[in-house]
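Colleague: Protein sequence lines correspond, in order, to chains A and B. For the first sequence, this note's numbering gives the first residue as 969, with consecutive numbering after it. For the second sequence, this note's numbering gives the first residue as 14, with consecutive numbering after it.
Don't read these hints as lab results, they were simulated from the structure. Certain hints may be false.
In silico DSS-like pairs for lysine-lysine, Cα to Cα no more than 30 angstroms straight-line [claimed, not checked]:
| hint | chain 1 | residue 1 | chain 2 | residue 2 |
| --- | --- | --- | --- | --- |
| 1 | B | K163 | A | K1089 |
| 2 | A | K1181 | A | K1082 |
| 3 | B | K163 | A | K1047 |
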Amino acid sequence: MKLPILETINLGHRFANGRWGLKHIDLRIDEGQFVVIAGANGSGKTTLLRHFNGLLLPTSGRVLVDGIEVSKDLLRARKIVQMVFQDTESQIVGETVRDEVAFGPENLGLPRDKIKALVDKTLEQTGLKSLSDTSPHLLSGGEKRRLTIAGVLAMKPRVVVLDEPFSNLDYPGVKMVLEQLLCLHRRKMTIVLCTHELEKVVAYAQRLVVLSKGEIVADGQPDKVIGSVERYGIHPPCSLKCKGCLEPWLS
Amino acid sequence: MAELSIFTYRPRPVWIVDCDPRIKLAALAGLSICSLGAGWTALALVTVVTSILWLRLVPSLRVLWNQTKYFIFLLALVVLARGLLTPGQVLLELGPLDLTAEGLAGGGYIAWRLLVIVWWSIILTATTAAAQIRSAVAWFLRPVPLVNEKVVATMIGLLVRFIPVILQQVRETMAAQQARAVAASSNPFRRAFKLILPVVRRVFLSADRLVWAMEARCFTPDRPFYHLDRGPADWLLASGAVVLCAALLLS
């Protein structure tokens, strides 16, 4: 049997103030899946994502990336699993779009010519080539988010986890980012996205996991699980209410 | 889209942008030290040269005034304090304190010198990428024993990179407070206190988020340094700095 790319076994996380952020999380994510993790504010979505690349370590239980425990080799876990944060402003460290995309490959100690080739390719893929010498501060919200995605793609990860990637974006921004994610998924990249705005993305996902108060309360195919989300403080997509089915958000 | 301050580096069609960051740093240090003993005439000469350089970087000196006016206000307080606390020919009696001509002249001299040094520093940050500053600092610190030049250089590079972000946060917080009629409060200390607390809190939160984001992208201080190279513009800058230093020392 093929190993899952991400696996949590009875994962628990307790914060410094004694409150449990995650309890008894058992999750297996196979390579190439598009998984949406939904939950109300404070349900533990971000905490869970941070366990996938070792930014947080478990209080109890285990997190495995491609069969190896994250805490045993943090660098390996971070090379495989890359994370796009909710707040783009504090994720961007480069002074130009090119610098920002090069930040990750530079940390990996790659040779200069390889970094340049990787950065050029990533800028091309993400449609940011024409902006390569622009200051990230001058980009629109959607472009900034695409830049943060480009920054992690340049590290050649196998899994991209995204924390609320549509927050603070206008319609063109959401469209831009969603198209980018669908393109990555078509290229067999594993995508784990957490959001409380299911409307935009759930129709494209293969799996929907619902978190409430730090526990998994529903997990399965989106059309099977979606009916129960409202009771956990998540707004169900309008198409479900109006037409009784999930419809793609992009026309 | 964020507003760019004059402190923010961006590629500009000005020769100083392409200069070697080591020469720029050395010029800044030399001019700052030499200005300690400078006379009024030399200081005036340096101010004129700096203003000409400024006009190449910003559309008008009004922009420079707008972005440094709070610092200039602080300098005005320094002049006033010096004027009130230095004995000499009395110009104005203010209760128990006398405003003296010698005090005003001494305070004016200190404030002018500080202003010019700050202008040079802004020219450095506005025309030099943080990665270049980081490389230059590491180059200067390399021969110093017991100092990890890579860590120090990274810290300085990040500090320079985030000055504009912190200023943006100050502006946003001030705008939010003005919208809630903070100006109605007649106590300037209370107003300052109300501003400082949320700004400091935001800065620390941003720093936390930055650490998460850098760790997630496998950050290491052993990143490759910017390629440092000298060209004709560097000799022009170095010669100009030497001439100005000589003028400051001999005046």
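Colleague: Next step is simple, just say for each hint if it's right about the structure.
Modeller: These are the hints, each one checked on the structure:
no.	hint	verdict
1	K163(B) / K1089(A)	holds (29 angstroms)
2	K1181(A) / K1082(A)	violated (45 angstroms)
3	K163(B) / K1047(A)	holds (23 angstroms)
Hint 2 alone, counting from the list given before, is not met by this structure.
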